[in-house]
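S.K.: Please arrange chain L on chain G, whose structure you already have, making use of the hints.
Protein chains in written order, with the working numbering: chain G, 1 to 75; chain L, 1001 to 1315.
Where hints are given, some of them may not hold.
[Unchecked claim] Okay, the calculated beta carbon distance ranges per label pair: (1) Met1/G x Asp1162/L: 17 to 27 angstroms; (2) Pro1241/L x Ser44/G: 53 to 63 angstroms; (3) Lys40/G x Ile1050/L: 26 to 36 angstroms; (4) Lys25/G x Gly1008/L: 33 to 43 angstroms; (5) Arg1021/L x Lys27/G: 32 to 42 angstroms; (6) Gly1129/L x Lys58/G: 26 to 36 angstroms.
[Claimed, not checked] Covered by chain G, according to a simulated footprint, are these stretches of chain L (three or more residues, beta-carbon under 8 angstroms): (7) 1156-1168; (8) 1183-1191.
To be clear, the hints were calculated from the coordinates, so they are not data collected in a lab.
The beta-carbon is built from N, C-alpha and C at its ideal position, and this holds for glycine as well.
Below, each chain spelled out in residue letters.
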Amino acid sequence: MKIQILGSGCQNCMKLAKNAEEAAKAKGTECEVIKITDIKEIMSYGVMQTPAIVIDGKVKSVGRVLSVEEIKKIL
Amino acid sequence: MLEYLADGLVYKLIGIQPGTRLGDTVHFFLYDTAKIFLLLIAIIFVVAVIRSFFPPERARKLLGHRREYAGNFLAAMLGIVTPFCSCSAVPMFIGFIESGLPLGVTFSFLISSPAVNEVALVMLWGLFGWKIALLYTATGIAVAFFGGIIIGKLKLENQVEDYVYQIKMGECEIVVPTWKERIENAWGYTKDILKKVWIFVIVGIGFGALVHGYVPIDFVLKYAGPGNPFAVIVAVLLGVPLYSNAAGTIPIVQALVGKGLPMGTALAFMMSIVAISAPEIIILRNVIKPKLLAVFVGIVAVAIIIVGYLFNAIL
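Next up, chain L with everything else stripped away, as it sits in the complex:
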């Protein structure tokens, strides 16, 4: 139905010819922007309500009494509904460790939390379809699961800054919100996120629209397609220091895919941008010594690279 409205707006009202570059670009822009914003509002709100049932204190309790692998899996799953403001990384890390959660389980959480978030999922669903969104989620969880397990096995507990083990965390009374409060908070949160990302969505889709309309088909295919075996590695290495939110990058990547970027490379690129970022690394340095930090970044990067090659081969 949105498509029909977009058609009417662009082709009849504004009068641009369908099939022309300008027509394609504008249509893509209007249609996708509207679709994305509607999805964003709906999904962020729903996830925020779900999240009100899983405050970090409860997450800690849920994760506390599991055996090794179950804990990693649960942590990776919980990362989906928990928001990840980089500045919360340190308190959350300390909170989990202080309550006795194994290092590996904490890392499973740290990996999946920024990578699998509802904004990224909405963008992926809106621009690539639900199958790709699901694939991204499953892969994100897998990377978080295995990454956490490997880090756990490496026994790097001594690589956590000493003071973390000495912190005594206060008891915060867990306030159970009423349904009215859940909805009000969720709506407030949704508005907050929208206020933060709307400009990125517009710029990202705008840029993507330009690529969509004006970059020759297969242009990307020439440089980053199957003919270039290093494309995945380059993409992931590029993504690690980049700090962007999903809202801005995914539309651009989608346009590139339309011009020949293989899906595996695209997924790897998107995941590496959100899973690890320069600010997050800097902030984590407050609680983790350099060796563990390097291991963390290295393992996640390698895992994502494997994902990229795997899906290039399968898809």
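Extracted from the complex, chain G is given alone in its bound form:
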């Protein structure tokens, strides 16, 4: 499972990345958490509000820092 966190490096984006890593660990499945900070790449997903989380290529949430629980639900 490929998890991408879209964000330009502000506090919210880092928090989302951290929560995602925790959720992935808790789930136990093979998960790769990648942080995307390049603006061109972020825009290619059609995302206008960071932080955003993309799982296996599909945008799952935009503009909010999801809690570990919420991320676990989507995984």
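M.R.: Frame of chain G; chain L shown alone:
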């Protein structure tokens, strides 16, 4: 009713005498803190639900087909319900420009979004009353409207970083949330915001309470009152680089107003703190060349200064 509870708590339970400095301060602190938090919870939640109907993608579509002035007005209005995390400024800017939105309309949005936000409105309503909150909103929209129009007229499109025009934005499928999801997201968002600002609210109100109780009346009036014609300009210039959220500043400004700060100067100060901030400018530099950035900051600052003088004269 809250006032009655606060009275009971401070004067009867804790036993401080009403009318004393300590009594005034503590009462102010407890009453205002409780009032503000209740308002914050209610209003942030309601606005978040409203916001779930206006994702940026929809905002783009709504703004896309308007004639010039209508677009600016709509953009300024939409800025109220759209959240503004400084880090979203760049993606949003690129998204709007890339979809063909005029530069001026995009700026109307960029100006009103951080300035007119529900946290600021709650604080203003709770501490100054609904009339001032409404005045602030109307003025914020006006500044955003005119600011955007002027920037549009200046034809500074070449001052946007070139790569912005070359970006091809992907299509994000617009997921329409169910009512249950709207409420869950709104509640999650409300909790997030509260977690972020509660400390500022407490510190801001605490500081304001101290000013309220211990600074002599008219102290501020002497230095920043009508006798000082430069007060508005200084206030706005001070506010531009300052980066604070509304939660922290408004209670302090309210206490200052109580000590003689003219309302116009206060409004100008508050608006300049939130409308433009150093982090936002730094982040926008990624997509806007220095000349346009300077014009943006300059126009908004001047507009706010005018607002300050105007309301000092009227109020």
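S.K.: Given a hinted range of 26 to 36 angstroms, is it respected by the beta-carbon distance of lysine 40/G and isoleucine 1050/L?
M.R.: holds, 32 angstroms
S.K.: Please test the hint of 33 to 43 angstroms on the beta carbon pair from lysine 25/G and glycine 1008/L.
M.R.: violated, 50 angstroms
S.K.: At the C-beta level, are arginine 1021/L and lysine 27/G separated by a distance inside 32 to 42 angstroms?
M.R.: violated, 57 angstroms
S.K.: Establish whether the coverage given for the region 1156-1168 of chain L by chain G is satisfied; the threshold is a Cβ-Cβ distance below 8 angstroms, and no fewer than three residues must meet it.
M.R.: Per the Cβ count (3), the hint holds.
S.K.: Please check whether methionine 1/G and aspartate 1162/L have a Cβ separation lying inside 17 to 27 angstroms.
M.R.: violated, 37 angstroms
S.K.: CB of glycine 1129/L to CB of lysine 58/G, is that within 26 to 36 angstroms?
M.R.: violated, 47 angstroms
S.K.: Please check whether the region 1183-1191 of chain L has three or more residues whose CB lies within less than 8 angstroms of a CB on chain G.
M.R.: As far as the region 1183-1191 of chain L goes, the hint holds, because 3 residues have Cβ atoms under 8 angstroms from chain G.
S.K.: Does the Cβ-Cβ separation between proline 1241/L and serine 44/G fall within 53 to 63 angstroms?
M.R.: violated, 34 angstroms
Of the numbered hints stated above, those contradicted by the structure are hints 1, 2, 4, 5, 6, listed in ascending order.
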